[in-house]
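Chain by chain, the residues:
2 protein chains.
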Amino acid sequence: MSVDPAHARDVERCAAVAAGLMKKAGATVKVARTRGFPVVLGAFRAGPRHPTVTIYNHLDVVPAGGADWSRPPFKMAIAGDRFYARGATDDKGPALTALFAARSARELRVPLNIRFLWECEEEIGSPSFEAFLCKTAKSIPTDSVLVSDTIWVARNKPAVSAGLRGLVGVLLALETGEKDCHSGLTGGAARNPLAELAQVVARCVDGRTGRVTIPGFYDGVLPLAREELASFRESGFSLAAFKKAHGLKKLRSGSALSAMKAIWGAPTFEVHGFSGGYQGPGVKTAVPPRGEAKVSMRLVPGQEPRKVLHLLKEHVRRLNPDVRVSGALSLEPFRGVTSGPFAQAAAEAMRFAFGKSPAVVREGGSIGAVVTMEKVLKCPVCLIGLSLPEHGYHGPNEFFDWRQASGGMLAFVKYFEQISRIR
Amino acid sequence: MSVDPAHARDVERCAAVAAGLMKKAGATVKVARTRGFPVVLGAFRAGPRHPTVTIYNHLDVVPAGGADWSRPPFKMAIAGDRFYARGATDDKGPALTALFAARSARELRVPLNIRFLWECEEEIGSPSFEAFLCKTAKSIPTDSVLVSDTIWVARNKPAVSAGLRGLVGVLLALETGEKDCHSGLTGGAARNPLAELAQVVARCVDGRTGRVTIPGFYDGVLPLAREELASFRESGFSLAAFKKAHGLKKLRSGSALSAMKAIWGAPTFEVHGFSGGYQGPGVKTAVPPRGEAKVSMRLVPGQEPRKVLHLLKEHVRRLNPDVRVSGALSLEPFRGVTSGPFAQAAAEAMRFAFGKSPAVVREGGSIGAVVTMEKVLKCPVCLIGLSLPEHGYHGPNEFFDWRQASGGMLAFVKYFEQISRIR
Numbered sequence: 069m070s071v072d073p074a075h076a077r078d079v080e081r082c083a084a085v086a087a088g089l090m091k092k093a094g095a096t097v098k099v100a101r102t103r104g105f106p107v108v109l110g111a112f113r114a115g116p117r118h119p120t121v122t123i124y125n126h127l128d129v130v131p132a133g134g135a136d137w138s139r140p141p142f143k144m145a146i147a148g149d150r151f152y153a154r155g156a157t158d159d160k161g162p163a164l165t166a167l168f169a170a171r172s173a174r175e176l177r178v179p180l181n182i183r184f185l186w187e188c189e190e191e192i193g194s195p196s197f198e199a200f201l202c203k204t205a206k207s208i209p210t211d212s213v214l215v216s217d218t219i220w221v222a223r224n225k226p227a228v229s230a231g232l233r234g235l236v237g238v239l240l241a242l243e244t245g246e247k248d249c250h251s252g253l254t255g256g257a258a259r260n261p262l263a264e265l266a267q268v269v270a271r272c273v274d275g276r277t278g279r280v281t282i283p284g285f286y287d288g289v290l291p292l293a294r295e296e297l298a299s300f301r302e303s304g305f306s307l308a309a310f311k312k313a314h315g316l317k318k319l320r321s322g323s324a325l326s327a328m329k330a331i332w333g334a335p336t337f338e339v340h341g342f343s344g345g346y347q348g349p350g351v352k353t354a355v356p357p358r359g360e361a362k363v364s365m366r367l368v369p370g371q372e373p374r375k376v377l378h379l380l381k382e383h384v385r386r387l388n389p390d391v392r393v394s395g396a397l398s399l400e401p402f403r404g405v406t407s408g409p410f411a412q413a414a415a416e417a418m419r420f421a422f423g424k425s426p427a428v429v430r431e432g433g434s435i436g437a438v439v440t441m442e443k444v445l446k447c448p449v450c451l452i453g454l455s456l457p458e459h460g461y462h463g464p465n466e467f468f469d470w471r472q473a474s475g476g477m478l479a480f481v482k483y484f485e486q487i488s489r490i491r
Numbered sequence: 069m070s071v072d073p074a075h076a077r078d079v080e081r082c083a084a085v086a087a088g089l090m091k092k093a094g095a096t097v098k099v100a101r102t103r104g105f106p107v108v109l110g111a112f113r114a115g116p117r118h119p120t121v122t123i124y125n126h127l128d129v130v131p132a133g134g135a136d137w138s139r140p141p142f143k144m145a146i147a148g149d150r151f152y153a154r155g156a157t158d159d160k161g162p163a164l165t166a167l168f169a170a171r172s173a174r175e176l177r178v179p180l181n182i183r184f185l186w187e188c189e190e191e192i193g194s195p196s197f198e199a200f201l202c203k204t205a206k207s208i209p210t211d212s213v214l215v216s217d218t219i220w221v222a223r224n225k226p227a228v229s230a231g232l233r234g235l236v237g238v239l240l241a242l243e244t245g246e247k248d249c250h251s252g253l254t255g256g257a258a259r260n261p262l263a264e265l266a267q268v269v270a271r272c273v274d275g276r277t278g279r280v281t282i283p284g285f286y287d288g289v290l291p292l293a294r295e296e297l298a299s300f301r302e303s304g305f306s307l308a309a310f311k312k313a314h315g316l317k318k319l320r321s322g323s324a325l326s327a328m329k330a331i332w333g334a335p336t337f338e339v340h341g342f343s344g345g346y347q348g349p350g351v352k353t354a355v356p357p358r359g360e361a362k363v364s365m366r367l368v369p370g371q372e373p374r375k376v377l378h379l380l381k382e383h384v385r386r387l388n389p390d391v392r393v394s395g396a397l398s399l400e401p402f403r404g405v406t407s408g409p410f411a412q413a414a415a416e417a418m419r420f421a422f423g424k425s426p427a428v429v430r431e432g433g434s435i436g437a438v439v440t441m442e443k444v445l446k447c448p449v450c451l452i453g454l455s456l457p458e459h460g461y462h463g464p465n466e467f468f469d470w471r472q473a474s475g476g477m478l479a480f481v482k483y484f485e486q487i488s489r490i491r
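Sequence lines, in order, name chains A and B. Going by this note's numbering, the first residue of the first sequence is number 69, and it counts up by one from there. Going by this note's numbering, the first residue of the second sequence is number 69, and it counts up by one from there.
To be clear, the hints were calculated from the coordinates, so they are not data collected in a lab. Careful: at least some of the hints might be erroneous.
Any copy will do: because identical chains look the same in the list, a pair fits if it lies in one copy or spans two.
Derived pair list, reagent style DSS-like, types lysine-lysine, alpha-carbon separation capped at 27 Å [said to hold, decoys possible]:
1. 98 x 443
2. 247 x 225
3. 318 x 381
Given only the sequences and the hints, what does the whole structure look like? Please build it.
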């Protein structure tokens, strides 16, 4: 996993293994250095007269707390048509699907140059990717980018994503003392960093409704268009399936449409953890010397991470000037193309492989590299995902399955054939 | 430590070692079973015609997170006149001081029966003590109780305590899902248990000022009397020393008197920890399935734990009916005697041993057994402490020192001699 320095060598090893697979498939390969983790570059060359597509995937994963897993998360297990492992669906399964589809396209002599760009820092917000891409862009010209790191809404209705949420991840840290204090001896006079952080958090978001209360936060948010809402309704989204897939007991949203609007079209403020203080059994009545709230905000098109971070910092400074705000992650939201030849090719490919036209939806997650590639490579970026909600992105017992892998190979070969004709 | 079930056998071992020391000092000893951890009972008998004092101390300690300690916390180290170890000043040092004073009193033929009652569950709120004492009271009749588990305000001014705060410790738990969820895929629709708990906490207490906002919370609180405030002013309390002793950077209170009023005369609501969610390095952007806030309230005379717990439960139910409130600790506040022969004997003993009259202050901490002993043994309970603020109750690098130990022995022998004349 890329977030934990203890696993840095595992990420490097993963890049080397991935390069080996690419080479075995017949592609030319290079493990390129960045300021952070490497990028695996590969290519099947058809010739300079033909167009080029670049396929982006990422190899890194989020941590996997072992307790909720039925199997060791870092050892792949095959059960029926399922491939279980951390990273199976996010994003190694789709990466290999695209690799094998590209090999088939080559065998079928599809007149298209196919490049691979496999990143290893997606889960930590791609900190080195932009600098790397700016430096490398000239040597890897491309006419479009295909990203397969998004999720269908339901198994029986393919989906393509025309938008991503951005992300601003932040640590709110407060230190009021040097050591644990006895709450009897000092309580009342001593400050309580966790109580103060809870207060700051509670003034940034209404925990019950999710409404963000940072002044100016919603400024510029682009409302969802009527056609988008119509496509959302046809996406196959079901509240029951959503709750089941994510193991959620109750939702903030009462209807399917309001849930889709909340996860695809609205920004959020989430608390991921409070560190500091006692977390063992029972209650230890000490006043902790420091605390940290790990929070993040998902942003939608029309919001700018830098501006939102500034608004948060100003708000926190007014609430509690001793709280230190450090920005850890920053990703811009993305508004993709919904018409034109690439959108048509994606729709045709999905219909060919899975028998149904895809719904045009949005993605609640963030892929920092998407915005970067659109800017730096100056070409359309199409999000054609293969993952399903039940695959469990970032959750325990993550898996990918053969139906999505085999259908995905068909879809990608068809897509390559279609876009090879776009001039 | 009594709070962590993993150390249950260590608590038992400690009781056995303590009984051995008592026996070696010449006392009769019995390790008495309770529903929880044992109580060590001992006695030096002077005869039925003479009065009896019972000395209460506790042997259990709070956990010691190793990171902030300069030495292993569970191995005693002597450096200069200091005895370092978890429990050195809370409460094993004062316990041994009283034991050795009692042995001297016996050698000096002070006509007083001296009993020992050493508990092993003080730090978890004495859950078995009341039942044990009710059952045992008849066999251990006494005319007064001496408790040495309180703290002077400053090294150069002895203090006796005429009040203790009570305590209600509570876990606020909320479960909204079964597993970690991807905050991109579910954020906005999924509930966030930590954000909801932060909101509940922020509506129970103003984290900045410490003002508790649970309706009815302050009802019945007895205001501090003018004489008490006058004695507080003479206690030697200094804001600078208080901050230094507890390693506090800034306080909520701006003046010494307002700090004393806050820690001795006012109730609190503290957050001790939030469990659930991610606590490792960086930000993991998952929405956790559950969270728990570990909180407690210190209470002052006039407040009743049961009533306060009820107020909290009602308040939380109105704020967020899904939050489960479970009461873990409950201790009544204590208002001690400030006049009469026992108070006079204590003042005289302190003057004799340390050269100065003691200030009559209060204690911000809670000792559940004190209220229980007053009720069940039906006699005055005097709090004559020996610990100093810099000893670090419940903090890292806790210690006791020889000046307090040797002065304490003198004071206790003098006290025994004085109270042997009270009929």
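Results of checking the hints against the structure:
1. For a Cα distance limit of 27 Å, the shortest separation of residue 98 from residue 443 inside one copy, 23 Å, qualifies, whereas the shortest one across copies, 80 Å, does not.
2. For the homomeric pair residue 247 and residue 225, the shortest alpha-carbon distance between copies (25 Å) is at most 27 Å, but the shortest distance inside one copy (56 Å) is not.
3. In the homo-oligomer, the alpha carbons of residue 318 and residue 381 lie at most 27 Å apart only across protomers (22 Å), although the nearest pairing inside one protomer, at 32 Å, exceeds that limit.
The structure meets every hint from the earlier list without exception.
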